[in-house]
Every structure is written in structure tokens, then in C-alpha cells.
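Dock chain B against the given chain A, drawing on the hints supplied.
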Amino acid sequence: MKKNLMPIAVSAMLFSGFVAAQTNNDTSFNPKISVILDGAYYSDNIDGESFERLEEMSGILGGHGHGDEGHGHGGLSRGFNLRETELTLSGSVDPYYDAWLTVAFADGEAELEEAYFETRLLPAGWKIKGGKFLSGVGYHNGQHAHSWDFADQNLAYLSLFGDHGLVDTGVQITYQPATDLYTLMGVELLQGDQEKLGASVDSEQLEQEAGPRLTTVFVKAAPDFGADHALQLGVSYINVGNHQEDHGDTDEIPTVVELLEGDASVWGVDAVYKKSPTGSYGQGGVKLQAEYFYLDKELTIEQASDIDEIGEKVVGQQDGFYIHAVYGVAPRWSLGARYDVTGMTNDLEEEEKVDLGDSSRMTLALTWYPTEFSKFRLQFARADISKFDEEAGTSASESFNQIFLQYNISLGAHGSHQF
Amino acid sequence: MLKRLLIIIFPLFLFAEESLAELQVFACEPELESLVQELGGELVTTYVATHAKQDVHHIQARPSLINRVRRADLVLCTGASLEVGWLPVLLQKGANPKVQKEPGLFLAANQVERLDVGQKADRSQGDVHPEGNPHVMLDPRKVLPIAELLTQRLGLLDPRHQETYQANFERFKQRWLNAITRWNELAKPLRGKPVVVHHQSWVYLLNWLGMELVATLEPLPGIPPSTSHLSKLIKQMAQAPAYTIIRSPFADKKGSQWLSKKTGICAIELPFTVGGNSDANDLFGLFDSTIALLINAKSCGGG
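Those sequence lines, one after another, are chains A and B.
Quick note, in my numbering, the first sequence goes up one by one and the last residue is 426.
Quick note, in my numbering, the second sequence goes up one by one and the last residue is 1303.
If you are wondering where the hints come from, they were derived from the structure by calculation, not from laboratory data.
Incorrect hints may have been included.
Which bits of chain B does chain A cover? Going by a derived footprint, with three or more residues having C-beta under 8 angstroms, they are [as the list claims (entries may be wrong)]: (1) 1107-1113; (2) 1241-1253.
With beta-carbon atoms standing in for the labels, derived distance ranges [unchecked claim]: (3) B:GLY1118 - A:TRP340: 30 to 36 angstroms; (4) B:SER1299 - A:LEU128: 52 to 58 angstroms; (5) B:THR1227 - A:LEU342: 22 to 28 angstroms; (6) B:LEU1177 - A:VAL178: 53 to 59 angstroms; (7) B:SER1299 - A:TYR182: 57 to 63 angstroms; (8) A:LEU44 - B:PRO1159: 48 to 54 angstroms; (9) A:ASP235 - B:GLU1148: 33 to 39 angstroms; (10) A:ALA106 - B:SER1228: 44 to 50 angstroms; (11) A:VAL178 - B:ARG1141: 48 to 54 angstroms; (12) A:ALA217 - B:GLU1102: 43 to 49 angstroms; (13) A:GLY115 - B:GLY1118: 38 to 44 angstroms.
Derived EDC-like pairs (lysine to aspartate or glutamate); straight-line CA-CA distance at most 20 angstroms [said to hold, decoys possible]: (14) A:LYS360 - A:GLU397; (15) B:LYS1101 - A:ASP105; (16) A:LYS281 - B:ASP1055; (17) A:LYS294 - B:ASP1127; (18) A:LYS382 - B:ASP1127; (19) A:LYS39 - B:ASP1122; (20) A:LYS282 - A:ASP231; (21) A:LYS282 - B:ASP1252; (22) A:LYS382 - B:ASP1122.
Beta carbons are placed, not taken as given, at the ideal position from N, Cα and C, and that holds for glycine.
Looking at chain A on its own, in the form it has when it is part of the complex:
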């Protein structure tokens, strides 16, 4: 998935420089260009190993500590870090479609985060989106990382969907009826090839079923509480028709093979409440946001070095939850608090049922935003992360502290204030 897109991206950067040099009036045929710069000074009290702990956090998805290395975009070293630099091009293709492209650069590599088109002129409240995009499930999933209220992904999303949330290739169809109550219904047919869920195992011994392998359904509703208050409630369901996991271990001699396949489903509820600022420059604004997800998977061991294991069932359930609040404490200053937890239910049943243990975290974030184009954030987190020891069959929790001093700068086209 990760290709070296650097040449394309560099030419796009040059192109953006060229456009910026033009006077303002004649750029309407060019896509809007924005660049997000993001970096952080980071430290923790366990010798910089907290991201490793988070990677090994006990959960029912994926292998046991042998996942795709290098996927941990959130992984920072102690000291200064350049995080993802995002380049976004967007605009109207013609009267019928809008298109959007986001490329993220990190560690000298470029990755296509989103590339999609969306209809504009379908009648009666219908819209179709096609390409690679952030899924419409949940609330936080559709938010771009630069608009997050915290420097990192919450544990519920991290453990069930991965650092970027559910982002996949396919089609989204939404319908918004012309009712008094805002209602949005959506269905997505996705390829099912992403970080946590789907047929992502690259092995000759396990064939991938034809896509789309991941289907989502979501409904959102929002009553009108006037100009100063807004509430949105949502329900989501994800069905993964073909979910694969690799529990093998190539470090062992001889190599241990264990490939699993089956299906998985997730349902979730989300709620967000916002109060518009009463003072100027964001003072007095309130945002409350919470989501809960429950994952159920049922797999069969398809290939294993221990032939007796083949055909055995592996079932598991895991849930995740977070709640966070952000308050505009002063003009251009906001204070956020977050509690996130995963694995309140964290059961995996192979020969016998084991509880993998829960992980939770408390986070405080103080953000200063001189304008809507830049922000600086000081974030402190206290985490209790469980790790499952397969030999002993028990899980143990380790506590640590993390501190981030993050900057997030947006250059170029005026970003939109998406709800």
C-alpha cells in the first residue's frame, strides 16, 4: 500500500508554490491546496518505550506482538519528532463531482491517506462517494487528524481500527431525507484491506476472497437546538465478511505458522454535543464527545505448523470506549480532558476462554491557537496498559506517563470547520 509517491508529491508541492505566487483571482480552476505540518516534542517515564507498550496492548485482533512493523505512525522517540506532514488537494471536478486527495509524508515515505470523488448534484438527498476515504462510521472516524482535540488516537479506535481509524477503498452511499430532524443514513461497501479489520494477511497459504469484504451501515440524527447548541447521535455497524489474522512467528526456529480466517463484526454508538463560544476567539465553547464499540470475531485456523490445530475455532469479543470534553477557557485557549479504555470485555476463546485484560488512560491537553490556522498543544497522559503473556496465560498491566508538546500548522487554503 505504501508506495514511494515522493516525486508526485514534490511536484505537487512545487505546483502549490507556483499557485500561491499567482494573484488571488484566477485560481478557481486549480484545486485548493493545503499543507498540514505537525511535529511534537515527546517524552515518557519508561525510556521511550510507551509506543511499544501501546503496540503490544492486549486485544483480540491481529497477531501477538508480531504485527506489521513500521505501521505505528503514532510511534515517537523521546525528543523532537516530525510527525505526519499532509498535503491535501481538493476542489470541484465539474458541476457534478468534487474530488479530494490527501498524501501524508512520514519517515521519508509517502502514503495515500485519502483519494476520492463525491457527487454534488444527485437529487433528493442522495450522495455517492468513491475511492479511498475515512469511513462514515462513528464520529471521530471522519475527523482528520489535524482537527483532533488531542495529539494522539484514543485507545478504543487504536485497538479496534488502528491509528488512522477505519479508512478503506470502496463506495459510500448516503441518503439525507428532507425531514425536520437531521437524519443521515449511509452504507459503505469497502474492500476490507486496512490496518486492523479485513483480509490484510499477505501469505500464499491463505487466499483472499473477492472484495468488497467489509460492509458498514450507519445512521446519524441531530435535533435542532438553535444556534448555540448542537447534538448529534449515531449508530454504526461494521461487518467484515472476510477477516484474516497471522499468528505465526518467524523468529522461532523452526518457523511457527498459524493463519486464521473468518468473519468479524463491530457495532458502535456515538454522541457529540457542542456549545458555541459565548465570548470571542473561542472562549466559552464546549465540546463533549463519547463513543462505544463492541467487536465480535469468529475465526477458524486454516493453516498451522501444528496440524492438529487446523480447523479449530477461535472466537473473541472486545470493546472500547472513550469520552472527552474540551472547554474554551480563555480567548484562543482550550483545555481538554479524555478518558479512554479498551478491553473492558476482552475475551479470546481458543481451547479455553481467557480474559486479555483492559487498558485505560487519562489525558489532559492544553491548546493555544493563535488563529484557526495554527495550534500548539501541551498534553499529559497517564496510561495503564495491559499486556498478555501467552506463556503464563495471564495479563499484566503497566503504568506510564506520556508528555507531548505538539505543533500543528495549516498552510494554504482555508480549512472548513466540519462538525
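Showing chain B alone in chain A's frame:
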């Protein structure tokens, strides 16, 4: 078979979309809602996205607004990038092909000549609008051509009532011209008076009244007043005192009140839009109240 089904279903959709007799108007700001009410009367149902206590630069594209855009026949906004942070999202998420562009979309500031056009699009200069200052509705002379074009638009969207809209406009025009004459007469003493404003949103009003903008409390548009900038203003006011300090209902009171206390110059809150104070209950009240407050501003003792 499919064709027959479509023939049955399609009119149902049309019926659902056309069943509301009145024109549904989504107005971004209260002064535009007031204008379309003058012109549309009983024939329009209006919804206004913002109120006077909100800074229209910073509005969330909340779902209830998306829902109103979904159901609108006409989206009536200021344009010139005033709503750039949220209107594009509403149009994009609203899934309503009628209002994506003209005639279902009417941008008031695009209909008239704007002041401060062609500023360099350079954010180091703060929140600038290269398309020109968007707050055109604060010059009553510009309200009239906007009203006339909006009348034509209403007639285009709802041809059955074209004559009613035209008659409403003629009536409004007469009242408005009389009001302008009255305001001009009242505002004569204000001509040439220097003023300090909180944000660059008053240029059209000052331009109309012939008042002179000598300073802004914000060091740059969209950047809150700083202590060092305010101290500079005190020095400036000591040398050449302004007549008054103006802010809008959504602006932070502290800066203008502090400067007022230090200089003895009256700080006043003008309604800025319809609903900005209890007297500004429509477009006429907006200017009646604005002129009255400006005239009374001398009683603070300053300039």
C-alpha cells in the same frame, strides 16, 4: 417494467420536493433574513443560520444547518469569503442540487461593488479578504441594488408570484429611500468624525456616513487586542482623540471598555445586524438604532 416503475415513482419524488407552497429561504445572517422577509412577505419561510451575538467568521457547520440547506429553495448569504469556513461544508453536505449555484444560491456581496478589493492574500496580515470587505449590508445605499436583484431572483424561483415580489420591492424601495434621506439628515453632525473600531467590519457604514477610521483595536484582522497595541492607541488618542470607539455585539467588551476608561472616549456597542440590540428588530431599526447610538456617543465627554 423498470421504466413503468420509474414513471410511477418519479412523480412521487417531485411531489415530495414541491409539496411546500412557500419558498424556503436559508439566510446566513439576520440582516439578509430581514431583507428577504421585506421582499417575500408571506410567500417565503425563512431560517437564519446565525444571530447577532455570533462571529460569522467562526460558525460550526452543525447538522441542523446541513438539514436546513437540504430543504432550502434559496440559500442567501453574504459571500466574499465571510462564510468560507462553513458555507462550503453546508453546500457540500446538504445534498441539495438546487442551491449549489445560481439561481438557488444568492451571495449579496457579489452583487455590488466592494471596498478594500485586491488586498494581498497574505495571512501574515491577519484575516484578510482578497475579494474585498464582505460587510456590504452596512451601507444602506448598497442594500437597494441587492434588494432589487434579490427580487428578480425570487421571481425567477417562484414565477407565479413574480408580481407580488415586484410590488413588495417597490414598496420597500420607497420606504428605504425615505429612510436614507432621514438618516442622512440625522447623521450630518457625524461627518468627518474620527472613530476607533474593534474589527474591520464597519468600513461600509463609516464610508456612507463620511466618518474617518483612525484605528482598530485588533492589531490585525482576527487577532485579539494586545496590551502593547492598546498602549499605542492611548498615545494616539492623546494626540488626536477619536469621537467614539465602536464594537459589535459579539466582540469582546474588554478592549474597548479599557481604552474608553483610559481615554475618556465613549465606547459604544452598535447592533451590527438585525437583532444586535432590542431596537434593531428589522433593517430599518438597525440603521435607526445605529445612527442614534452614534449621535449619543458624544455624551461620554470625549472628542
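Here's how the hints hold up against the structure:
1. Only when three residues or more bring their CB closer than 8 angstroms to a CB of chain A does the claim for the region 1107-1113 of chain B stand; here the count is 0, and the claim is violated.
2. Only when three residues or more bring their CB closer than 8 angstroms to a CB of chain A does the claim for the region 1241-1253 of chain B stand; here the count is 3, and the claim holds.
3. Distance hint check: the CB atoms of B:GLY1118 and A:TRP340 are about 35 angstroms apart, consistent with the given range 30 to 36 angstroms.
4. At roughly 57 angstroms, the beta-carbon separation of B:SER1299 and A:LEU128 lies within the given 52 to 58 angstroms, and the hint holds.
5. As the Cβ distance of B:THR1227 to A:LEU342 is approximately 23 angstroms, the hint placing it in 22 to 28 angstroms holds.
6. At roughly 56 angstroms, the beta-carbon separation of B:LEU1177 and A:VAL178 lies within the given 53 to 59 angstroms, and the hint holds.
7. Between B:SER1299 and A:TYR182 the C-beta distance comes to about 59 angstroms, which sits within the given range of 57 to 63 angstroms.
8. Judged by the Cβ atoms, the range 48 to 54 angstroms given for A:LEU44 and B:PRO1159 holds: they are separated by roughly 52 angstroms.
9. For the pair A:ASP235 and B:GLU1148, the beta carbons lie near 34 angstroms from each other, so the given range of 33 to 39 angstroms is met.
10. Our hint of 44 to 50 angstroms for A:ALA106 and B:SER1228 holds, since their Cβ atoms are close to 45 angstroms apart.
11. Against the hinted window of 48 to 54 angstroms, the Cβ-Cβ separation of A:VAL178 and B:ARG1141 comes to about 52 angstroms, which satisfies the hint.
12. Range check, A:ALA217 to B:GLU1102: Cβ separation about 45 angstroms, and the 43 to 49 angstroms hint holds.
13. For the pair A:GLY115 and B:GLY1118, the beta carbons lie near 41 angstroms from each other, so the given range of 38 to 44 angstroms is met.
14. Annotation: proposed proximity of A:LYS360 to A:GLU397 holds, straight-line Cα distance about 13 angstroms (limit 20 angstroms).
15. Taken as a hint, the B:LYS1101 and A:ASP105 pair is honoured in the structure, with Cα atoms around 14 angstroms apart against an allowance of 20 angstroms.
16. In summary, the hint linking A:LYS281 to B:ASP1055 is supported, as the alpha carbons are separated by about 16 angstroms, within the 20 angstroms threshold.
17. Distance check on the hinted pair: A:LYS294 and B:ASP1127 sit about 25 angstroms apart at the alpha-carbon level, beyond 20 angstroms; violated.
18. Only pairs whose Cα atoms come within 20 angstroms are accepted, and A:LYS382 paired with B:ASP1127 is accepted, the gap being roughly 16 angstroms.
19. Taken as a hint, the A:LYS39 and B:ASP1122 pair is honoured in the structure, with Cα atoms around 16 angstroms apart against an allowance of 20 angstroms.
20. Annotation: proposed proximity of A:LYS282 to A:ASP231 holds, straight-line Cα distance about 13 angstroms (limit 20 angstroms).
21. A distance of roughly 18 angstroms separates the Cα atoms of A:LYS282 and B:ASP1252; the hinted pair therefore holds under the 20 angstroms criterion.
22. Straight-line distance between C-alpha atoms of A:LYS382 and B:ASP1122 comes to about 19 angstroms, which keeps the hinted pair within the 20 angstroms bound.
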